[in-house]
Amino acid sequence: DAKTTQPPSMDCAEGRAANLPCNHSTISGNEYVYWYRQIHSQGPQYIIHGLKNNETNEMASLIITEDRKSSTLILPHATLRDTAVYYCIVVGSNYKLTFGKGTLLTVNP
Amino acid sequence: NAGVTQTPKFRILKIGQSMTLQCAQDMNHNYMYWYRQDPGMGLKLIYYSVGAGITDKGEVPNGYNVSRSTTEDFPLRLELAAPSQTSVYFCASSYFGGAEAFFGQGTRLTVV
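Going line by line, the protein sequences match chains A and B. Counted the way my numbering counts, the first sequence spans residues 11 to 119. Counted the way my numbering counts, the second sequence spans residues 4 to 115.
Source of the hints: derived by calculation from the structure; they are not laboratory data. A portion of the hints provided could be inaccurate.
Which chain A residues face chain B? A few, computed with CB under 8 angstroms, are given here [unchecked claim]:
1) P18
2) C22
3) G53
4) K79
5) F109
6) T116
7) P119
List of simulated lysine to aspartate or glutamate pairs, EDC-like, C-alpha gap at most 16 angstroms [said to hold, decoys possible]:
8) A:K111 to B:D41
9) A:K111 to B:D59
10) A:K106 to B:D59
11) A:K62 to A:D92
12) A:K62 to A:E76
13) A:K13 to B:E62
14) A:K79 to A:E41
15) A:K106 to A:D21
16) A:K106 to B:E103
17) A:K106 to B:D29
18) A:K62 to A:E41
19) B:K47 to B:D59
20) A:K62 to A:D77
Idealized CB from N, CA, C, for every residue including glycine.
Sequences are here, hints too, so could you generate the full structure?
The structure is reproduced here in structure tokens:
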């Protein structure tokens with residue numbers, strides 16, 4: 011599975027959009043981009059995933075570039091409860107989830 | 004649905020002891036996973052299973068064993084516990100053909 015690169019940390023003001031980038035330049039055509047988050051000490055939580063089209067659900071939006079080498083997770087109106095480590099994971103046909111170090115998003119009041 | 008249930012939540016082991024971490028899911032998921040997470044680090048995959056009777060190694064399988072005799076249960080066995088196995092252990096499950104995994108709340112294990 012392709013590796014991903016994320017910034018180690020980001021800050022966001024409460025109520026503003028949080029845009030979390032992820033680089034996956036070696037992604038293959040049949041690999042998906044998944045996003046999870048982990049709120050302090052809890053088990054990770056699935057957020058969203060996509061193949062090549064942009065996706066939106068009740069939690070977030072996922073924007074994947076046309077060449078699929080990078081993506082951005084958007085939390086449209088960040089709240090204090092969105093403070094967490096966010097993981098971008100490329101998943102192949104074996105559906106094996108391999109977590110990197112992720113991005114610590116801190117939402118400030 | 005209870006989701007993914009892990010027991011125990013906390014455990015202290017002495018060096019050389021053995022124990023089994025239990026994981027059960029009631030969502031009829033085919034895929035199940037065991038991860039460990041050391042302080043300040045990301046999750047490392049220990050073992051995973053794509054169905055009853057089928058298991059495979061992840062990134063850090065040494066010192067652990069698993070079995071999958073039923074769809075619901077995926078126990079993780081620690082033999083001869085070592086201080087390096089002090090960690091938080093997470094179990095997860097997902098549908099066949101998808102990686103939208105549901106995670107348990109973790110087992111915090113300390114080996115002294």
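Evaluation of the provided hints:
no.: 1; hint: P18; result: violated (11 angstroms)
no.: 2; hint: C22; result: violated (21 angstroms)
no.: 3; hint: G53; result: holds (3 angstroms)
no.: 4; hint: K79; result: violated (20 angstroms)
no.: 5; hint: F109; result: holds (4 angstroms)
no.: 6; hint: T116; result: violated (15 angstroms)
no.: 7; hint: P119; result: violated (25 angstroms)
no.: 8; hint: A:K111 to B:D41; result: holds (12 angstroms)
no.: 9; hint: A:K111 to B:D59; result: violated (23 angstroms)
no.: 10; hint: A:K106 to B:D59; result: holds (11 angstroms)
no.: 11; hint: A:K62 to A:D92; result: violated (25 angstroms)
no.: 12; hint: A:K62 to A:E76; result: holds (7 angstroms)
no.: 13; hint: A:K13 to B:E62; result: holds (14 angstroms)
no.: 14; hint: A:K79 to A:E41; result: holds (11 angstroms)
no.: 15; hint: A:K106 to A:D21; result: violated (30 angstroms)
no.: 16; hint: A:K106 to B:E103; result: holds (11 angstroms)
no.: 17; hint: A:K106 to B:D29; result: violated (20 angstroms)
no.: 18; hint: A:K62 to A:E41; result: holds (10 angstroms)
no.: 19; hint: B:K47 to B:D59; result: holds (14 angstroms)
no.: 20; hint: A:K62 to A:D77; result: holds (9 angstroms)
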